[in-house]
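Visitor: Go by the hints and put chain R onto chain W.
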Amino acid sequence: MVNKVNKMLDDARLKDRTMTGTDIKITARNVQVHYGTTHAIKDLNVDILNNTVTAFIGPSGCGKSTFLRCLNRMNDTIASCRVTGDIRLDNEDIYDKKVDPVQLRAKVGMVFQKPNPFPKSIYDNVAYGPRIHGLARSKADLDDIVEKALRRGAIWDEVKDRLQAPGTGLSGGQQQRLCIARAVATEPEVLLMDEPCSALDPIATAQVEELIDELKQNYSVVIVTHSMQQAARVSQKTAFFHLGHLVEYGATGQIFTNPKDPRTESYISGRIG
Amino acid sequence: MTDLSSVPGAAPAGVRKPRSLYDVDALTKRRNAAEFRFKLYGIVAIAVSLSVLALMLFTIFSDGVSAFRQASVTFPVTLTEEKLDPEGNRNRDEMSKVTTIGYGKVVSGAFAAYVTERGLTVDGLDDDGMGDMLSRDAAAQVRDMVLSNPDLVGTTVDVTVLTNGRIDGYLKGRVNREEALRDKNVTPEQLDLTDKLKAEGILTVSFNWGFITRPDASDQRPESAGLGVAILGSAYMMIIVLVLTLPIGVAASIYLEEFAPKNWFTDLIEVNISNLAAVPSIVFGILGLAAFINFAGLPQSSSLVGGLVLTLVCLPTIIIATRASIRAVPPSIRDAALGVGASKMQTVFHHVLPLAMPGILTGTILALATALGETAPLLLIGMVAFVGTHPSAPIEGFFEPATALPVQVYGWASRSDPAFLERSSGAVIVLLFFLLIMNAIAIILRRRFERRW
Numbered sequence: 001m002v003n004k005v006n007k008m009l010d011d012a013r014l015k016d017r018t019m020t021g022t023d024i025k026i027t028a029r030n031v032q033v034h035y036g037t038t039h040a041i042k043d044l045n046v047d048i049l050n051n052t053v054t055a056f057i058g059p060s061g062c063g064k065s066t067f068l069r070c071l072n073r074m075n076d077t078i079a080s081c082r083v084t085g086d087i088r089l090d091n092e093d094i095y096d097k098k099v100d101p102v103q104l105r106a107k108v109g110m111v112f113q114k115p116n117p118f119p120k121s122i123y124d125n126v127a128y129g130p131r132i133h134g135l136a137r138s139k140a141d142l143d144d145i146v147e148k149a150l151r152r153g154a155i156w157d158e159v160k161d162r163l164q165a166p167g168t169g170l171s172g173g174q175q176q177r178l179c180i181a182r183a184v185a186t187e188p189e190v191l192l193m194d195e196p197c198s199a200l201d202p203i204a205t206a207q208v209e210e211l212i213d214e215l216k217q218n219y220s221v222v223i224v225t226h227s228m229q230q231a232a233r234v235s236q237k238t239a240f241f242h243l244g245h246l247v248e249y250g251a252t253g254q255i256f257t258n259p260k261d262p263r264t265e266s267y268i269s270g271r272i273g
Numbered sequence: 274m275t276d277l278s279s280v281p282g283a284a285p286a287g288v289r290k291p292r293s294l295y296d297v298d299a300l301t302k303r304r305n306a307a308e309f310r311f312k313l314y315g316i317v318a319i320a321v322s323l324s325v326l327a328l329m330l331f332t333i334f335s336d337g338v339s340a341f342r343q344a345s346v347t348f349p350v351t352l353t354e355e356k357l358d359p360e361g362n363r364n365r366d367e368m369s370k371v372t373t374i375g376y377g378k379v380v381s382g383a384f385a386a387y388v389t390e391r392g393l394t395v396d397g398l399d400d401d402g403m404g405d406m407l408s409r410d411a412a413a414q415v416r417d418m419v420l421s422n423p424d425l426v427g428t429t430v431d432v433t434v435l436t437n438g439r440i441d442g443y444l445k446g447r448v449n450r451e452e453a454l455r456d457k458n459v460t461p462e463q464l465d466l467t468d469k470l471k472a473e474g475i476l477t478v479s480f481n482w483g484f485i486t487r488p489d490a491s492d493q494r495p496e497s498a499g500l501g502v503a504i505l506g507s508a509y510m511m512i513i514v515l516v517l518t519l520p521i522g523v524a525a526s527i528y529l530e531e532f533a534p535k536n537w538f539t540d541l542i543e544v545n546i547s548n549l550a551a552v553p554s555i556v557f558g559i560l561g562l563a564a565f566i567n568f569a570g571l572p573q574s575s576s577l578v579g580g581l582v583l584t585l586v587c588l589p590t591i592i593i594a595t596r597a598s599i600r601a602v603p604p605s606i607r608d609a610a611l612g613v614g615a616s617k618m619q620t621v622f623h624h625v626l627p628l629a630m631p632g633i634l635t636g637t638i639l640a641l642a643t644a645l646g647e648t649a650p651l652l653l654i655g656m657v658a659f660v661g662t663h664p665s666a667p668i669e670g671f672f673e674p675a676t677a678l679p680v681q682v683y684g685w686a687s688r689s690d691p692a693f694l695e696r697s698s699g700a701v702i703v704l705l706f707f708l709l710i711m712n713a714i715a716i717i718l719r720r721r722f723e724r725r726w
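For the record, the sequence lines run as chains W and R. So for the first sequence, this note's numbering puts the first residue at 1; every next one is plus one. So for the second sequence, this note's numbering puts the first residue at 274; every next one is plus one.
Here chain W stands alone, though its shape is the one from the complex (with noise of 0.2 Å):
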């Protein structure tokens, strides 16, 4: 165990991660989610920081992933699901009556777990988002928004030259980068991620997080993760959620190498989950 965790702090080079943020980006109060009669989050209460990149941690069905779908209204698109309680993005009620959820994803981007290209060439996929929101206002505009966006998700150089090449004939990689370039190319605020390694081979995970790292100079970033190595190594805030109920919430460091819960203890040492 001690062993393990050692190995895990090695890797993660927890030593050297300093908070990069403060502020308060998204506070969320008393949250209860509930999926036709199943209870899914009970009574949450998280404030998620600015520049700083958050993990979700827990077993499959804990409810991290519907949470984070809270986050932008995602989960308006499933009619048996209802939440309640109080989240707010800059201190503005996302539930309100008088937010649009299309706006509210505008500033919110997602990532989702399985890389889903647009059927369109590379150069559309990034380029949609802007369009539809009026981002740009010539080509010329529009080339830049797509060359910057595509330089952080850190892909201009693999497919620089055959933009117009369908983004789904890309590998399993480098469509998961495209779709995090596609996601900033609308210059949100907090970029939302679903286990966006779990398809990928090592190699391009390490390239995500590589990325996820430098996302935060810019956003503030939620991913869901089942890795825990992988939450280790790229999060700054950890946050450890068990049969709906957010159970421990910390620093990335003090999460791994000294959980408060016994719950949190037992799912970093492999015990449950």
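Note that these hints are calculated values from the structure, not bench results. All C-beta atoms, glycine included, are put in the ideal place defined by N, C-alpha and C. Do not take every clue at face value.
[Unchecked claim] Chain W regions said to be covered by chain R (calculated; three or more residues, Cβ under 8 Å):
hint : stretch
1    : 70-77
2    : 105-114
3    : 125-138
4    : 179-188
[Said to hold, decoys possible] Looking from chain R toward chain W, a few residues come up when the C-beta cut is under 10 Å (computed):
hint : residue
5    : A610
6    : H623
7    : L626
8    : N712
Guide: Only chain R this time, still in chain W's reference frame:
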């Protein structure tokens, strides 16, 4: 067939005797035999259906191909002034007082005279007998020609007119001499003359354009009956059906699939659509009669009413096909679009619909193909009527009486003269040809749109 539980003769549970891979045990043999039998059933089923299809095509083509060839005779007619223009002033109105009876005498007289002049007369065949060999349509044809150009009166022109259905049938092998003895519409002498005319090149059998362009003809003139009105009517109806069903069907499907809340009411609508797809089409015919003709007062027998009724027949099928292809678009595409901040409508029209397009188009064209072959509802709204004139061009043509290909098949098949049976099979060939074209379009469109990168 695949019984997983207790197999007799198997080893006791949990114990497996060591055995060589080369020995095939009883269980494996049985499984292989079952698989072999299943494949055999499949092959037999396919062989049966293919042979039925081959038989159907063979009968249709052996009966119907001859409808595309038609016998006609060419001979000079002197258009005598005293008979065709008694007033002598080339006035169309006065010339039209001469009916086809008058023209008939001129034409058959000219034919008999020409045969005599060429020395081809047959013993026992008088001038009237020779004239009877021509189609009753010949007089009308010459009359139309003269009325459209009165200056022809007084001249001698070569005309090509159809022979009557029996002579045509004799050349196609449908009528023989023994039958001619018993048949009061044709005599063996006429058949002898037919052989002579054919040898002289006066009587020729050529491609029957009239079958495709001409309107229907009465019982006595099977040789001049054509599919022109039916093809136009079917085409008009397909235009109406396409213009109405595609937008309505696609809009309804998108709304039901993407926007409608899931509750008892939408469930009810869904059940109703599925049920409507199973309603016999003749019921839609009764509905069309009551709603479009009796209530709305639209002209009966018109392709507009036919198109509206066929729209009702097609809509449930198209909605079901469209909903299925919308549902087949992976949800990850919707998530991706919503995730970058597209609205529901943008998601549907930019991403879901293009991906569902091949399925929608295939479903639509197959539904159209069904509509093209639909007969029963058209019988009820009066499209089975005899229509002797072509409908004019759209849009007013939509309101004029027309008939449809399958209805024409039905109409001809129920007439007594065997020449109409040949025409009926010929019409089926035309119908199959159009169906083939539509299916080919469906395949081409699917290939084109299915380029999903």
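Visitor: Which numbered hints turn out to be false for this structure?
Guide: 7 and 8
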